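So for the sequence shown, this note's numbering puts the first residue at 1; every next one is plus one.
If you're looking for bench data, these hints aren't it; they were derived computationally from the structure.
Note that this is a predicted model, so its numbers are computed, not measured.
Beta carbons are placed, not taken as given, at the ideal position from N, Cα and C, and that holds for glycine.
It cannot be assumed that every hint is accurate.
What the hints assert, rightly or not - Listed next, the in silico DMTMM-like pairs over lysine to aspartate or glutamate satisfying Cα-Cα at most 20 Å (straight line):
#1 K901 <-> E925
#2 K759 <-> D769
#3 K93 <-> E64
#4 K232 <-> E205
#5 K863 <-> E895
#6 K877 <-> D918
#7 K686 <-> E659
#8 K232 <-> D210
#9 K559 <-> E529
#10 K747 <-> D723
#11 K858 <-> E912
#12 K1097 <-> D1113
#13 K438 <-> E428
#14 K686 <-> E675
What the hints assert, rightly or not - Estimated spans, in silico, between C-beta atoms of each pair:
#15 N827 <-> D85: 30 to 38 Å
#16 V791 <-> W862: 31 to 39 Å
#17 T881 <-> I1021: 55 to 63 Å
#18 K302 <-> N827: 26 to 34 Å
#19 K256 <-> G826: 12 to 20 Å
#20 G573 <-> G467: 39 to 47 Å
#21 G884 <-> G1068: 43 to 51 Å
#22 T597 <-> N827: 31 to 39 Å
#23 I593 <-> V468: 35 to 43 Å
#24 W862 <-> R535: 43 to 51 Å
#25 G475 <-> T881: 52 to 60 Å
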Amino acid sequence: MMKKKSVSARKASLVLFLCQMISALDVPLDSKLLEELSQPPTITQQSPKDYIVDPRENIVIQCEAKGKPPPSFSWTRNGTHFDIDKDAQVTMKPNSGTLVINIMNGGKAEAYEGVYQCTARNERGAAISNNIVIRPSRSPLWTKEKLEPNHVREGDSLVLHCRPPVGLPPPIIFWMDNAFQRLPQSERVSQGLNGDLYFSNVQPEDTREDYICYARFNHTQTIQQKQPISVKVFSTKPVTERQPVLLTPTGSTSTKVELRGNVLLLECIAAGLPTPVIRWIKEGGELPANRTFFENFKKTLKIIDVSEADSGNYKCIARNRLGSAHHVISVTVKAAPYWITAPRNLVLSPGEDGTLICRANGNPKPNISWLANGVPIAIAPEDPSRKVDGDTIIFSHVQERSSSVYQCNASNEYGYLLANAFVNVLAEPPRILTPANKLYQVIADSPALLDCAYFGSPKPEIEWFKGVKGSILRGNEYVFHDNGTLEIPVAQKDSTGTYTCVARNELGKIQNEVHLEVKDPTMIIKQPEYKVIQRYGQVSFECVIKHDSTLLPTIIWLKDNDELPDDERFLVGKDNLTIMNVTDKDDGTYTCIVNTTLDSVSASAVLTVVAAPPTPAIIYARPNPPFDLELTGQLERSVELSWIPGDENNSPITNFVIEYEDGLHEPGVWHYQTEVPGTQTTVQLKLSPYVNYSFRVIAVNEIGRSQPSEPSEQYLTKSANPDENPSNVQGIGSEPDNLVITWESLKGFQSNGPGLQYKVSWRQKDVDDEWTSVIVANVSKYIVSGTPTFVPYEIKVQALNDLGYAPEPSEVIGHSGEDLPMVAPGNVQVHVINSTLAKVHWDTVPLKTVRGHLQGYKVYYWKVQSLSIRSRRHVEKKILTFRGNKTFGMLPGLEPYSSYKLNVRVVNGKGEGPASPDKVFKTPEGVPSSPSFLRITNPTLDSLTLEWGSPTHPNGVLTSYILKFQPINNTHELGPLVEIRIPANESSLILKNLNYSTRYKFYFNAQTSVGSGSQITEEAITIMDEVQPLYPRIRNVTTAAAETYANISWEYEGPDHANFYVEYGVAGSKEDWKKEIVNGSRSFFVLKGLTPGTAYKVRVGAEGLSGFRSSEDVFETGPAMASRQVDIATQGWFIGLMCAVALLILILLIVCFIRRNKGGKYPVKEKEDAHADPEIQPMKEDDGTFGEYSDAEDHKPLKKGSRTPSDRTVKKEDSDDSLVDYGEGVNGQFNEDGSFIGQYSGKKEKEPAEGNESSEAPSPVNAMNSFV
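Turn these sequences into a full structure, and let the hints steer you where they fit.
Shown next as C-alpha cells:
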C-alpha cells in the first residue's frame, strides 16, 4: 500500500513539472490583431494605496483599464458598493473608471475619507485595484502656550523643544530668527530628528530672544510658527569642563524597527564641554559600504535601502578629552511583502494546461490568498480545470469558459501586495500577419530571410513551399525559425522565385506568397591607381563598375574620407575623377564608393604632388597707384570719377577698387564704394544725400594691390528724407514681463540729413489692438514693459530726420520675454539596451506650459553606485541635450553593472524647467578588465608561484579566473596549451609538476557571467638545479601601540645588510602610504606623531628588493586620557615630596657650613672633577632614542630610564635602543595613558647593565629621585 502511494506522489510531481514547462501562447504586438482578439480586463493605472489629498482641490481617484470588449467600472467604499449616481458631487470620466469628487463647489474632503476599490469587468472576467485609502491633508495650528525665558549657565547643555502640531503628512521642521534667517548649526548646536534644537554646551553668543520653530506642511503649502523662545546665558569663571552625557536617546540601550528598503535613521546627540565628537560602529560587523552616510555633523547615521542583513546592534560613542559615553541601539529590520514571482497573464488554447505562480517573501512570512474575478476563490464559481495548491493554481485541459482574472494577495502585518493575472482561453484559426506578395531582394551569396508572422490558437504549424506546385522545403540548405521565418543562408541566382508559407491548426489553414529576387553583386572592374603629378598639372582617376542591370548605382568620390573640396577644378565624370591645375593641397587619398540599394563597394588610390621644374625668374610686382583723379558731372545723387593708371610692373591690372571718405560723419575712415575692370578708367558713382565725399582709387593685379591714390577733391551732397529703415529689427524679451525691440542703426551717410530719429511701433499679434508708437533718439534699443509672458507682437521701426520720414517699414514678429517652463516631462521610461547604452523615453509637455521657445530636453543622469565595487565616490552628473520636440534619447558611455539615476527637464530660451522624478535603472553585467597584475615568484625545479590582483573594473560579479600556460623551447616554439579554471576568491596559485629549467608563457584573465575579459601575459623559468636561492621575506610583523606612538618589530630572512623601511597609513583610507626609513639593519622601529584612538595599517619592506613587502598588519592607538592633563604642581604628594627635598637640602647646607667652619673639606666637588659624568649629554634627535640627562643649569631633559653602567661608558648600540629592547620582544604592554609596563631588560646579545638599574616605568617621582 505504501508503494502505491509513493508512485502516485511521483506521478503528481511529474504532472506539475510538465504543467510548469508548458509555455503559454505569445500574442504578437500587431495592432489590428490585438483589436480583434478578446481579452479579460487589465488594470493599467490606479492611484497610490495611501493617497493624501489637498482638501481645497477636487479629489481624483484614478482607475484605468483595458480589455476586449472594453470593460465597465464600479467602485466600493469601505467594503460596500459606492453608488456614484446618488452623489451629485461624484462623477466618473467617460470610457474610464477614474472618479472625480467635486470639492471646489461645496463638497468637503473629510466626508469622502475612506477605503476605495475599483473593479473593471467584461464578459471574460473582472480585475480589481488596490485598496486606495483617501485621507485629506491637515495642517493644524500650534496650541497656545506661555514660554518662560531659559536662563542657562555658560557651558551647560540646553534643549529647546519644538513639539509641532500633528499634521498629515508630518511637517518639515526648521529653526529661524525674526528676520527669517536660518539659525546656524554646528557640532555644538544642531536640530534633532524630532525637531528639537540641542545645545551640547551654551556660549555667551547663544543669548537671543528669537529662537523660532517653524513647521512647513507641504501638501497645503502652509507654514506654522511657534512663539519665539528666549535664551539668556550667564557666565561663571572658570567654566567647568564636563565629560559627555547623551541628551538623546536616553539610557544605555534602545530598540528600533525599520522596514526593508526604507532609510534607517539613528541619532545620538550628546552634551559636554569641550563639544563631544560622535562616532558610530556596528557591533560584530561593518557598516555597509556605499549605503552608509553621516548627517548632522555625524550625529545621525543614515543607511539607505536597508535589508534584513542590516539588523544588529549599532553603538554611538560620544567622546571629548574628559571621557566618553555610549548608547547601543538594537535595530530589527522587518519587511512588508515583496515579490519573488508575481503571477503573469496566460493565453491558452482549449485543451492546454498552464499554471499561475504567486510567490512573495517578507518578515514575517506573508500569507498568500487567491481571488477569482475579485471574489475569494473558496466561494467563487467552481472550475473543474482549476486546482489551487498554495501559491500555485494549476490549470488542466482548459476550455473557453475557463477565462477569468485571478488576484493574488500577499499580506503580513506591515502591508500587502495585490496582483491581477488573467487566464484567456482563445480558439482562433491561423492568421498570417506578413503582407501578401511581399518582395524581398538580396545580393547573391548573402543570406535571405523570408517572413511569415503568424498567430493562431492552438499554435499553428508552419510549412514552406517553393513555386505554386512545389514540394515542401526541407534539408540543410534552409533554416526554419520558430517565428515562421524561412532563412536561406546562401542565396543563389536559382533561389529566385515565389515562396508559399502555409499555417494550419485544427481550426483551419491559411497560406501566403512572398517573392525573392537574387541580384548580381556590384564590382569595380577598373580601380583608381596611384598617381604622381607635378604641381599645376592635370590628373585623372578611373572607377569603372559592373552591376546588376535592375539596380541603379551611385558613385561618390571622397578625399581623405571626406567630401571633395568645393572647387571647380574637380570634375566628376561617369566613371572617372579629373583634377585640373593640381596644387599641394590636393595631395592625399581618393576613394571611389559605389552604392546600390542592396550593396556597396569601394576602392582607393593615393595622389602625390611634386614641384614643377624651375623656370627663368621674372620680376613681378604690384602696380603703381593711379594718379590725376578728377570729378565731373556733379548731380544730387551721382558724379563721374576719372583717373590715369600707374605702371603695371609685368602683371596686367585686373581691376580698380574705388573707396570713399565721408568728411562730415566719419573723417579719416575710408569705405569700399565699387570696383571696375582693369581696362576702365572712368566710372559713374551713385551718391547719398548729406555726405561730404572724397574718393581714391587702388589698382589690383595678380601680385596684389597698389598703394591708394591721392584723394580727389571733396563734394558735399544735399540733405533728403531717409531712403531706408533700420535693418535686423528684432523683438525678444529679456524678462517675463517685457519686450526688448532692437535694430541696427543707420550709418552716418544713410541718415540723408540732420536730426536722425526712429519711430518704434508695436501691437500684440492676433488681437484687435491699435499700434502703439514712440519716437526715440538715434539709439538701437527700446524696452516695452508690462507685457504678458511670451506672446507674439508685430513690430516695425521707421527712420526719420529733420526733412521727413523714410518709406513705410515692413513688419516683423517678435515675442515678449520667456519664463521658465512650468512642468516636468512625464512618463519617463528607461530601456537598457546593453551594459553601456540605455534609451530614455518621455512624454512631451504641453506647449502652453513651456512659456518660451522650446529648445529641447535635457537628461541629467549620474551613477549612484557600482554593484560590484562597494566604494563611495563623488557623484558626477552628466547632461545630454536633445534639441527640438523629441521624446527619446540615447545615453551612451554607461558603466556596466552599475545603478544609475536620471531625470528629464524641458528647456526654453530662459532656462530649464523642473526635473521629473528621479528614475532608477541598472546596467547589466559586462566583461571585466584585465587583472591588475600577474606576478610569478618562488621558482623551483618543478613549481612556480603565481600571484595576481583582481580587475580594476570587474563590471559584474567575478565567477572565476582562467589561467592558460604552455612551455617555450629554445627556438621560441610553443608547446601544448594547458588551461586551469580558478575560483574568483583566490589571489595566488602554486603550479607544480613543471619541467625544470623550462620557460613558460602564462595567459591570465577574469570572467563574469557575461564572458571573459582581456588577458595579461607573463613569462617565467623554473630553476636548473636543487640549490634553492635565498629569497628574502619579512614575516611576523607585530605592533605595540601607545597613545601617539607605536613600536613595530619584524623577522627578516634573506641577504645580509638589507635596508628596511616602514610604510603606514590610516586603515580604510585611500591616501598614499607614508614611508619611514629604518637606520641600519635593525628589526624594530618607533612610529611617532600618531593620532590617539585611530586604527592604522602598517607593512615593512626591504630597500633594493623591488615590490617585496610584508603582509599588512592593523593596530589602533590608545585613546587620549584626561588624566594626562592634571597639573602636577597641585597634587598633594608632589607638594609633600618637594617639602621633604627642601628640608634635606637645608640640613645638608647646615652640615657643610659647620664642617667648613671646623676646617674640614667637602669631598663632592673633588669626586665630580675626578670622574667626568658621561650622563651630561643632550637628548638624541636623529634616531628617536633617549640620551642621558644633564645638570640642572643646562635645563636639558632628564633621561627616561636608568643611569649608565658602572664602567662609565656608553655603547652606540645601547643608545639606539627602543621600547622593544626594554621589553620581551613585542610583548611589552602599555598603560591607558601610554606609559610602558614591563621589565627593563635588554636583548640577549646586549651586555647586562651594571649598577643600580631601575625596573619601573619612568615617572616624575623617578626623575626627581635621579636628580637628588
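Hints, one by one, checked against the model:
Between K901 and E925 the CA atoms are separated by roughly 17 Å; this keeps the pair inside 20 Å, and the hint holds. This hinted pair checks out: K759 and D769 have alpha carbons roughly 18 Å apart, not beyond 20 Å. This hinted pair checks out: K93 and E64 have alpha carbons roughly 10 Å apart, not beyond 20 Å. For the hint linking K232 to E205, the alpha-carbon distance of about 9 Å falls within 20 Å, and the restraint holds.
Proposed proximity of K863 and E895 is supported: the alpha carbons are some 8 Å apart, at most 20 Å. Between K877 and D918, the direct Cα distance comes to roughly 13 Å. Compliance with the 20 Å bound is thereby established for this hinted pair. Between K686 and E659 the CA atoms are separated by roughly 12 Å; this keeps the pair inside 20 Å, and the hint holds. The straight-line distance between the Cα atoms of K232 and D210 is roughly 11 Å, inside the 20 Å bound, and the hint therefore holds.
Note on K559 and E529: the hinted pairing holds, with a Cα-Cα distance of about 14 Å set against a maximum of 20 Å. A C-alpha spacing of about 12 Å is found between K747 and D723, which places the hinted pair at or below 20 Å, so the restraint holds. Straight-line distance between C-alpha atoms of K858 and E912 comes to about 8 Å, which keeps the hinted pair within the 20 Å bound. A distance of roughly 6 Å separates the Cα atoms of K1097 and D1113; the hinted pair therefore holds under the 20 Å criterion.
A hinted pair counts as satisfied when its Cα atoms are at most 20 Å apart, and K438 with E428 does not qualify at roughly 24 Å. Pair hint K686 plus E675 holds up; C-alpha atoms about 13 Å apart against a cutoff of 20 Å. Between N827 and D85 the CB atoms are about 33 Å apart, so this pair conforms to the stated range of 30 to 38 Å. At roughly 37 Å, the beta carbons of V791 and W862 sit within the given window of 31 to 39 Å.
As the Cβ distance of T881 to I1021 is approximately 58 Å, the hint placing it in 55 to 63 Å holds. Between K302 and N827 the Cβ separation comes to about 31 Å, which falls inside the hinted range of 26 to 34 Å. With their beta carbons about 37 Å apart, K256 and G826 fall outside the hinted range of 12 to 20 Å. Against the hinted window of 39 to 47 Å, the Cβ-Cβ separation of G573 and G467 comes to about 45 Å, which satisfies the hint.
At about 49 Å, the beta-carbon gap between G884 and G1068 stays in the expected band of 43 to 51 Å. Between T597 and N827, the C-beta spacing of about 38 Å keeps the proposed range 31 to 39 Å intact. Evaluation of the 35 to 43 Å hint for I593 and V468 yields a pass: the beta carbon distance comes to about 41 Å. Taken as a hint, the range 43 to 51 Å is violated for the pair W862 and R535, whose Cβ atoms sit roughly 56 Å apart.
Distance hint check for G475 and T881: the Cβ-Cβ separation is about 54 Å, which falls inside the suggested range of 52 to 60 Å.
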